[in-house]
Structures are given as structure tokens and as C-alpha cells.
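Based on the provided sequences and hints, a complete structural model is requested.
Each chain, written out:
Number of protein chains: 2
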Amino acid sequence: MDYKAPEQDAKFLLFDLFRVQDIWSEIPALSDFSEDLTQAIVAEGARLTSEVIAPTNQIGDEEGAHWEDGVVTTPAVFKNAYQEVAQGGWLGIAGNPDFGGQGMPKMLACLVEEMLWASNSSLYLYGTLTVGSTLAIDTHGTPEQKQTYLPKMYSGEWAGAMALTESHAGTDLGIMRSRAEPQANGSYSITGTKIFITGGEHDLVENIIHLVLAKLPDAPPGTKGISLFIVPKFLVDEDGSLGERNGWASGSIEHKMGIRASATNVINYDGATGYLLGEENQGLAAMFTMMNYERLSVGLQGLGSGDLAYQQAAAYAKDRLQGRASTGAQNPDGPADSLLVHPDVRRMLLSQRAYNEGGRAFALFVGLQLDLAKFNGDKDAGRLSELLTPIAKAYLSDKGFEGAVNAQQVFGGHGYIKEWGVEQIVRDARIAQIYEGTNGVQAADLLGRKVMRDNGATLRQFVDMMAQSEVAEEFQPALNEALDRLIRVTSSVIERSAEDPNLIGAVSTDYLELTGLTMFAWLWARMAAIAPDDEFGQAKKVTARFFFDRLLPKAEGLEAGLVADSASVMSMLDDSF
Amino acid sequence: MDYKAPEQDAKFLLFDLFRVQDIWSEIPALSDFSEDLTQAIVAEGARLTSEVIAPTNQIGDEEGAHWEDGVVTTPAVFKNAYQEVAQGGWLGIAGNPDFGGQGMPKMLACLVEEMLWASNSSLYLYGTLTVGSTLAIDTHGTPEQKQTYLPKMYSGEWAGAMALTESHAGTDLGIMRSRAEPQANGSYSITGTKIFITGGEHDLVENIIHLVLAKLPDAPPGTKGISLFIVPKFLVDEDGSLGERNGWASGSIEHKMGIRASATNVINYDGATGYLLGEENQGLAAMFTMMNYERLSVGLQGLGSGDLAYQQAAAYAKDRLQGRASTGAQNPDGPADSLLVHPDVRRMLLSQRAYNEGGRAFALFVGLQLDLAKFNGDKDAGRLSELLTPIAKAYLSDKGFEGAVNAQQVFGGHGYIKEWGVEQIVRDARIAQIYEGTNGVQAADLLGRKVMRDNGATLRQFVDMMAQSEVAEEFQPALNEALDRLIRVTSSVIERSAEDPNLIGAVSTDYLELTGLTMFAWLWARMAAIAPDDEFGQAKKVTARFFFDRLLPKAEGLEAGLVADSASVMSMLDDSF
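So the sequence lines, in the order shown, correspond to chains A and B.
First residue of the first sequence? That's 241 in my numbering, and the numbers climb one at a time after it.
First residue of the second sequence? That's 241 in my numbering, and the numbers climb one at a time after it.
The set of hints was computed from the structure by calculation and includes no laboratory data.
Just so we're clear, the structure is a prediction, and the values are computed from it rather than from any experiment.
One or more hints might be untrue.
If you anchor each label on the Cβ, the simulated ranges turn out as follows [what the hints assert, rightly or not]:
#1 G574/B x E446/A: 41 to 49 angstroms
#2 G568/A x V311/B: 44 to 52 angstroms
#3 G574/B x L482/A: 19 to 27 angstroms
#4 T463/A x H495/B: 43 to 51 angstroms
#5 F255/B x P717/A: 23 to 31 angstroms
#6 A283/A x D458/B: 54 to 62 angstroms
#7 E775/A x G568/B: 55 to 63 angstroms
#8 H495/A x Q387/B: 46 to 54 angstroms
Idealized CB from N, CA, C, for every residue including glycine.
As C-alpha cells, then:
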């Protein structure tokens with residue numbers, strides 16, 4: 241499948257919308273990232289993903305990953321593609337410069353990640369788990385651990401994986417059974433079986449560093465008794481060379497709906513050697529360092545899938561001749577007009593675009609908050625990024641899947657057969673709504689934790705900030721209404737939840753959708769205000785208008801549904817289901 | 241996958257909601273269908289689909305259909321299952337009794353079809369094309385054609401297929417190229433290549449009767465120059481025995497996202513012998529006899545997939561222990577509570593149920609109109625069935641897919657792997673939104689043809705009828721509001737479309753969703769009014785409340801979006817897509 245990275249939009253968002261040139265120049269660690277350098281990085285990422293990686297996407301799906309006697313084989317075309325990603329330094333772009341990382345701003349990393357996801361989700365899964373693992377090691381590791389693992393992982397010579405889930409313990413990690421026995425030499429002996437371990441075993445690298453959650457013998461019950469361990473495939477000798485094979489093996493890989501070239505392993509730990517990462521019994525918090533990174537990344541996966549799907553559908557709609565415009569033939573010399581004359585086809589394409597471009601702006605805005613928190617110690621930005629992360633994960637992955645389904649619909653029957661590739665995007669995109677905490681879990685996190693923990697204060701502060709932004713005049717009234725609605729609904733839910741403890745859970749998914757719509761409306765109103773007067777800018781303005789005309793109005797229906805209490809959700813007898 | 245046919249709901253809908261005992265007893269052709277006989281038929285259909293067919297569903301997906309040198313092989317388990325469907329007479333249930341059909345009311349056939357779809361969509365595709373073909377032959381055939389084909393097709397000894405699409409001509413059939421040359425003996429020589437021919441070639445029966453659209457040499461251009469032909473795989477001798485192989489062959493089958501055990505053929509007609517069905521150049525109208533049948537049937541496919549998915553998700557949610565209720569442990573002796581304690585899980589299950597049970601009631605209501613039109617010559621009912629058919633096709637298939645996706649979400653990661661089967665339902669359900677006219681085509685048919693052709697008169701008449709129904713008091717105000725909204729939006733769109741010719745196309749999909757929601761609201765309000773005071777009835781009432789609390793409010797958002805004109809949809813430059 242052809243893929244063209246969104247270079248022009250990236251430039252618009254970074255330099256026109258968010259004006260990073262003014263922000264980064266004030267931050268010593270980022271002042272090297274000039275406009276020229278940034279654009280060169282984006283251009284090189286665009287070249288790599290469009291020319292090298294995208295051509296491996298469909299082949300990878302057809303070939304899939306294979307398991308035999310504990311050995312996992314990835315598609316043949318993946319070897320070179322992964323090497324190019326690794327050797328280009330793309331897995332260390334946001335990494336710690338003290339250990340070989342490139343220390344790029346998260347905003348830039350977000351753009352690169354989107355391209356990597358879009359061009360081949362299965363392939364980049366091996367990368368993103370590596371990146372997430374380095375983040376956990378960098379944040380919680382000892383200086384020796386960082387020195388041992390980070391340089392080799394940033395360079396892509398070694399990969400990472402996270403081992404959380406057990407067959408009976410998915411969302412509910414507190415009931416996991418994997419054990420860690422302290423050994424005399426300070427290491428731990430890890431025993432248990434983990435499932436759904438993305439990239440737990442594969443043939444792309446020489447060593448794979450697992451981060452494994454397990455319980456110490458005297459651990460308190462539940463989530464407060466979970467510790468995190470570094471459990472490499474090959475133990476690392478003191479000189480950094482690879483030693484003996486550790487005591488774990490892949491028991492099988494899953495047969496999945498999509499991301500078929502990503503190996504999802506069952507891993508059996510049989511007294512494997514592990515090293516404590518961070519503090520005892522603080523494993524879940526340490527793992528969340530990685531999870532939060534992964535959650536934004538999975539949102540970018542949804543966005544990448546959505547953009548890849550849009551590009552296929554737009555190209556098909558331009559080429560495919562079928563039917564005539566209701567206002568008279570537009571291509572009178574041809575046998576029929578292009579699909580683009582049909583308003584319903586345009587509606588599908590514009591919906592995809594509005595969510596994709598809105599989603600890209602949203603992801604970069606979250607990235608900006610992460611940068612301000614990390615490099616400026618800005619606590620408000622840190623809290624805001626925590627509020628926005630579940631929205632980025634769930635709303636972008638929901639809209640990515642919806643967009644892929646819409647793109648498939650534009651293709652008609654040709655979208656359902658493998659040949660055109662768009663059905664693969666639908667299958668691949670679906671996982672982003674499920675893993676790294678299902679989107680229901682994200683919604684519960686948003687409303688039940690992030691909004692409730694300060695009674696909506698962070699949200700209100702953000703709404704104030706949105707209300708004071710400079711936006712396109714024509715959208716100001718609708719935006720104001722949307723912001724008022726979000727405040728009104730938030731206040732109402734907080735108030736009513738005191739008497740109705742199931743309310744939060746009953747409304748959280750619709751609430752998340754309302755926040756997503758509202759924040760996208762703000763971004764579209766801002767983008768429309770600064771869009772240039774060229775073709776690119778005109779398209780932005782039309783898409784903004786479409787968003788306000790046709791997508792934002794859904795918020796009215798969401799509010800109307802959020803008025804209900806939890807009774808109708810809770811009163812069905814269990815046996816009646 | 242386990243499947244339990246909805247016997248109790250069928251009884252409730254037929255005898256309590258629609259009171260068919262009062263209707264059928266007044267229609268001579270249907271007066272034999274007593275309550276006892278009807279329940280026995282439903283029970284036997286339930287047994288067949290639950291015990292014989294459902295166990296072939298996952299195996300069929302794994303094995304798929306295979307093509308080699310023009311020979312198409314279906315999964316081994318399909319042979320016996322198809323024989324049981326055929327020998328049980330299930331393909332002739334609604335057929336003409338003069339030629340061996342059983343003349344059942346359409347309402348009853350709808351229930352049976354839903355079960356057949358639910359238990360194995362791939363398998364029933366071979367059946368539904370056969371049923372649709374018999375309907376076209378019965379309506380348009382000569383007495384000799386009926387005698388030659390119908391008995392063998394009703395009995396399932398021969399199958400049917402419809403050959404419309406060409407690679408460049410999908411929705412736009414007017415540009416097809418297949419030719420029919422008249423022969424001296426009154427037959428025609430058919431030449432051309434058709435794609436997407438479901439069941440065009442397979443190994444389940446001894447003969448396959450194609451209905452093929454092609455153009456006569458002197459045909460007028462476009463859709464007015466298309467004729468329909470009967471083109472059997474084996475020519476039939478005068479004594480009814482099979483003669484020589486006809487001049488067509490399967491060139492290949494498609495590799496598809498789902499319904500993998502249904503063979504989707506490319507068929508090459510190379511001077512094949514065809515017999516005109518109906519009048520010259522009237523082929524499209526004749527084909528639409530079949531298409532309209534198929535469209536309701538595809539709606540039932542969506543419903544069947546939705547119910548199958550719901551059943552998997554509900555069973556999983558009851559069994560799977562994960563997390564604790566926010567109001568305190570419900571299963572304190574177990575490691576965790578069941579998923580059912582989580583409001584968001586219940587929300588997903590209740591949404592599925594509300595759309596499934598609403599959809600079943602809606603499909604039966606359409607079936608009732610078809611029965612009244614066919615057996616009583618009721619023209620109002622006929623017009624109403626035409627208005628409702630695109631809604632049945634699109635809304636039920638949209639909600640079936642959405643429900644399957646929701647069911648998959650309830651499973652979390654386990655929903656994405658093949659083992660549990662629910663990902664197959666998602667892949668299978670997706671096609672129902674695409675084939676037999678995409679759901680965008682259905683929306684254009686609903687608003688652009690069925691509503692516009694009488695300026696909304698049939699719709700208004702139906703809204704009046706809904707407003708006068710006896711419904712549960714608690715839902716009367718919300719229902720009235722919904723009915724007013726539908727009238728308001730319809731009037732507004734009709735009025736504005738005079739000045740804005742692209743408006744119909746720009747809003748048709750949202751308009752179809754609004755009609756579906758409104759009509760489901762009416763059915764839920766009626767069902768709640770008559771639901772008995774037992775567990776079944778309580779569940780109905782709770783689901784009705786959930787529908788009014790949480791699903792119907794979406795209509796407010798739809799109306800708000802339908803206010804817009806077509807400008808934002810149409811003003812993007814083609815090159816900017």
C-alpha cells in the first residue's frame with residue numbers, strides 16, 4: 241500500500257499552530273532543534289516510512305509471524321526494514337542523551353511514531369515496546385542498569401517487551417500469580433506464565449529485554465504487592481557481551497485478527513533470572529511510566545491507521561468511475577463520474593480527515609504538555625498531560641478504527657477483499673482500541689481518576705484556556721457552546737456521582753467521546769484561524785467547517801444521554817444477560 | 241461457538257406484539273399456520289441451527305473455500321450441514337406451494353433466516369442466494385421455467401446465484417459490458433466476466449442456476465438496456481435430468497476479510513446458453529425483485545451476527561472474573577468479581593441487546609408488511625415495506641457490526657485472537673454493510689427515492705400510525721418528541737433540497753440512522769407496554785429503559801447535524817482529497 245507521510249501538516253502544526261520555534265528555543269535541552277533540523281528529521285522519517293517500510297506492510301500480513309519449538313520467525317522483509325529503523329536511530333529519538341538517546345522533543349517523536357505506525361503497525365510494535373521499555377529503565381533503573389541496557393536498546397541492537405498479563409489477569413493485574421524469589425546474589429528467580437507478550441520473542445535482534453511484573457514471597461495482596469523486574473533473554477556479562485540464555489521461552493504465539501506479523505507470545509518463566517527495577521512492591525507505578533508512554537503511542541497507532549486508510553480511500557475515490565453527479569455529469573466523456581461527485585462518499589472522506597488532522601493536532605498538543613513537564617518542570621502541563629492521555633489513547637484509536645471502516649466502505653466490495661489492503665488496515669487498527677488498557681479502561685481512568693481526583697479543576701482550567709484562545713470567528717459561538725456543555729456535563733456528573741456510585745462507570749465512555757469532540761473542536765477552530773490562503777489552507781478551512789457542521793453536533797446527543805442515572809445500566813439481573 | 245436461537249423472543253414478538261394469530265387466521269393462504277405449528281417450526285429451526293449448523297461456523301472460517309482449476313471446494317463440514325438445511329425444506333419455506341414451496345408467512349421466514357445467518361453466515365450465503373433466485377424465477381418466469389427450476393431449488397438439490405457486478409461496474413450497473421446474443425432456438429449466448437458472484441461455483445449441489453444481467457445487441461444505453469437471463473451450470477433436458485455442462489467457469493475466488501467459507505467467484509461466461517427471464521431490457525427491475533428480498537435478508541444477517549456476538553459476550557462477562565464492583569465486592573470469596581459488575585461492560589451488552597431485539601422486532605414488522613402486501617394485496621403495506629427495506633438492510637447491518645465490535649471489546653485481548661471466535665463474527669458481519677448495495681446506497685434509496693418520491697407522504701402516514709399506537713406510558717413523551725423530530729427533519733430536508741441538490745446525498749446516511757433510531761424507539765415503547773411480569777418481561781422493560789435513556793438521545797445530535805447544508809461536504813476541491 242502506498243503511504244505518504246504528512247510532512248506539510250507536520251510543518252503547519254509545529255511551526256504555525258504550536259509555534260515550537262518560540263518554545264524550543266527557550267529550553268536549553270531543545271534549543272538545537274531548529275526549524276531546518278526539525279524539517280530534515282521529518283523528511284527523513286517520511287522517506288524511510290514511505291519508501292522502505294510501507295512496502296513491507298501487506299507482505300508482512302500475508303506471511304505473518306511463525307512459531308516453532310520456541311523460535312519465532314518474523315516475515316523475511318521485516319529484517320531489513322527493522323535494521324533501517326534501528327540504524328537510523330529512530331528507536332532512540334526521545335531517549336536520554338547520556339546513554340545514547342537523541343533527546344528529541346516528544347512532539348517531534350509523536351510525528352515520527354505516527355509515520356512508523358501508519359507504514360506498518362506490526363513492524364513498529366517491535367519498536368514501540370523497545371522505546372517504552374527504555375523509558376521505564378531510564379526512569380527507574382540504577383546507573384548500572386541504564387548503562388547496561390539503554391545504549392543497546394536505543395540503537396535497536398536489543399529490543400524490549402513488557403510482560404504484564406496472565407490468562408486470568410488482564411485489566412485486573414492485582415490477581416496475578418507470577419512469583420519472584422530473592423536469590424543470594426541480589427537477583428531474583430522469576431516463575432510464571434505471561435500471555436499477550438508483544439515481541440516477547442522474535443528474530444529481529446540479538447537480545448530481548450523483558451520487563452516482568454511478579455510478586456515477592458512476602459508481598460501484600462493486590463496491586464500493592466507487585467514488583468517489576470528486568471529479565472533479559474540472554475544474561476549480560478560484565479563487559480556487556482551476551483552470556484547464557486535465561487530461563488524463559490516462548491510457549492506459543494497467538495493467531496490474531498490483525499497485526500499478524502507482530503508476534504504475540506505466551507512466555508513461560510521457569511526460574512528465570514530477573515533484576516529488580518525500581519523499588520519492591522512499586523512495580524505497578526513503574527510499569528505505568530511505560531504504560532502512559534504506550535498509551536499515547538497507541539493513540540498514534542490509531543491515527544496512523546486512520547491516515548493510511550484515508551489515503552487509500554481518497555485515491556480510490558478519485559480514480560473509480562461509478563455513477564453520475566446528481567447535478568449532471570462531471571466527466572461526460574467518461575463512462576461515469578468519479579466517486580468524488582457523490583456527497584455521501586465525500587462525507588466519509590471528510591469525516592476521516594477531520595478526525596485524522598484533529599487527532600494529529602491533539603497528539604502534538606499532548607506531546608507539548610509532556611515536553612513542558614519534562615524540560616521545564618511545568619506541573620500544570622504534567623497534570624494536563626495526565627488528563628489528556630486516556631483521551632489520546634481511546635479517542636484517537638476509536639476514530640482510527642472508525643476511519644478505517646469508513647475507508648473500507650468507500651471501496652465497496654473491493655474493500656472487503658485482501659487485494660487492496662484496506663481490510664488489513666481495519667483488522668490492524670482494531671487492536672489499538674483493546675490493548676494497553678481497553679478504551680473502556682481509558683474512559684474510567686479519564687472520568688473516575690483524572691477528572692474526579694481534583695473535582696474537575698484541571699479540566700476547568702483547560703477549558704478556560706481553550707475559551708481564551710484565538711480561534712476563527714465563524715466557529716467561536718459553536719466552540720463556546722461546546723465548552724459550556726463540557727463544563728455543564730462535568731459538573732453534573734461529579735455532583736450526581738456522590739449519590740450514584742455507578743454513574744461514573746455508566747457514563748464514562750460517552751463522556752470521553754464528548755471531551756474528545758470538544759477538544760477537537762477547539763483545535764479545528766484554532767487551525768482555521770491561522771490556515772494560510774493556499775490550497776492546503778483552504779482544505780483546512782473546509783474540513784474545519786465540515787467538523788463544525790456535521791461532527792461536533794453529536795455532542796448534543798451525547799449530553800442528552802449523559803443526563804440519565806445508572807439505573808437502567810445496573811438494574812438488569814445478572815442471569816438475564 | 242455456542243448459539244441459542246431466540247425462541248422465547250420469537251414467540252413474544254409473533255403472538256404478543258404483532259398478534260399474528262389474529263392476522264394469519266384471516267388470510268386463507270396462512271390460516272394453517274397455527275400457534276402450535278409456528279412454534280414447532282421455530283423450535284425445529286432452533287434445533288437445526290444450534291446443534292447442527294453452529295458447530296460448523298468456526299471450522300468453516302479456518303478451512304475457508306478453495307479454488308483449483310475452476311473447481312471450488314467448500315469446507316468438509318459444510319456438506320452434511322447443507323444437506324440438513326436442504327432436506328429439512330428450509331430453502332423453500334417461503335416458496336410457492338404450486339411448485340413445492342411451503343408458502344410460509346414472511347414473518348416466520350425472517351425468524352428462520354436470522355437463525356441460519358447467526359449460526360453460520362458463510363454457509364447460509366449458499367442458501368440465501370438460492371432463495372432469492374427462486375423468488376425472481378417465481379415472479380418473472382414462464383410456467384415452464386418455474387416447473388423446471390423451482391422444485392429442485394426449493395428442495396436444495398440445485399442452488400442459485402446472482403451475477404450482476406463487473407470489475408468496473410459495481411453500484412453503477414448501467415456501464416456493464418456483458419453481452420447476450422439471441423440464438424435461433426430462442427435462447428441467448430451470454431459472454432462476459434462477472435465478479436463477486438457469491439456461490440457462483442461450489443460443491444454443495446449438483447446444479448447451480450445463475451441469474452445473469454447482460455445487454456442485448458440493440459439495447460438502449462445505461463440501466464434501461466439490461467436484461468436478465470437464467471444460465472444454469474448444467475443445461476436441463478426436457479425430462480428434467482441434467483444435460484451438458486454450460487459454457488461458463490469459475491476463474492478464481494476472492495480472498496476476503498471474512499465469510500471465508502463462502503466462495504466469491506469470478507465467473508467467465510464464454511458463449512454460455514441463457515434463457516431470458518422476464519422481458520427484454522427489463523432485467524434490472526426483475527433483478528430488484530430479488531435484490532429487495534436479499535436486502536431484508538442481509539439486514540437479518542446483521543441481526544444474526546449481532547445476536548451471536550452478544551451471546552458470546554454475555555457468557556464471557558458472566559464467567560470472567562476481573563476487578564471489583566465500585567460499590568464493594570460482589571463475589572468476596574472469589575479472586576475478583578465478574579465483568580458484569582462493571583457499568584461500562586453492562587452498557588456495551590445492553591446496547592447490543594437493545595439493537596438486536598429492536599432489530600428483530602423491526603425485521604418482523606417489515607415481514608408483516610410484505611405478508612399483507614402479498615396475501616391481502618394491501619398497497620399501503622407494500623409501499624411501507626419499500627420505505628422500510630433500505631432501513632432494515634442498512635440499520636440492522638450497521639448495528640450488527642457495531643454490536644460485534646462491542647462484543648469483541650467485552651472480551652478485551654481475548655476478543656482479538658481467533659480462539660474465542662468473536663473476531664470472526666466481526667469480520668463476517670462487516671460484509672453485510674457492503675454488499676447488496678452499500679449502506680450508503682441504501683441511505684440514498686431511502687431518502688432520495690422512497691421518501692422524496694411522494695414528498696414524505698408514506699413516511700408521514702407511518703409516523704401517524706406510530707403516534708397512535710399503544711405504548712408504555714413512561715416512554716410516550718420521549719417517543720412523541722422523536723416522532724416530531726423525524727417529521728421536522730424530513731420536512732426540512734425536502735424543502736431545502738429544492739435549492740440544494742446535493743443535500744439529499746450529503747445527509748442521507750445520518751437521516752437513515754435517525755429513522756432507524758426513531759422506529760426502534762416506537763417498537764421498544766410498544767414492547768415495554770406488553771412485556772409480561774416474568775424475568776423475560778422484566779429484561780425487556782429494563783432494555784427499553786436503557787434504549788430511551790442512552791441510545792435514543794443520539795437523535796438530538798443527528799438532528800443538529802442535519803441542519804447543515806451541503807456546502808461543507810461539496811466545497812473541498814477534488815485535488816485536495
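These are the hints, each one checked on the structure:
no., hint, in the structure
1, G574/B x E446/A: 41 to 49 angstroms, "holds (44 angstroms)"
2, G568/A x V311/B: 44 to 52 angstroms, "holds (48 angstroms)"
3, G574/B x L482/A: 19 to 27 angstroms, "violated (44 angstroms)"
4, T463/A x H495/B: 43 to 51 angstroms, "holds (45 angstroms)"
5, F255/B x P717/A: 23 to 31 angstroms, "violated (53 angstroms)"
6, A283/A x D458/B: 54 to 62 angstroms, "holds (59 angstroms)"
7, E775/A x G568/B: 55 to 63 angstroms, "holds (60 angstroms)"
8, H495/A x Q387/B: 46 to 54 angstroms, "holds (49 angstroms)"
The structure fails hints 3, 5 (numbered hints given earlier, in ascending order).
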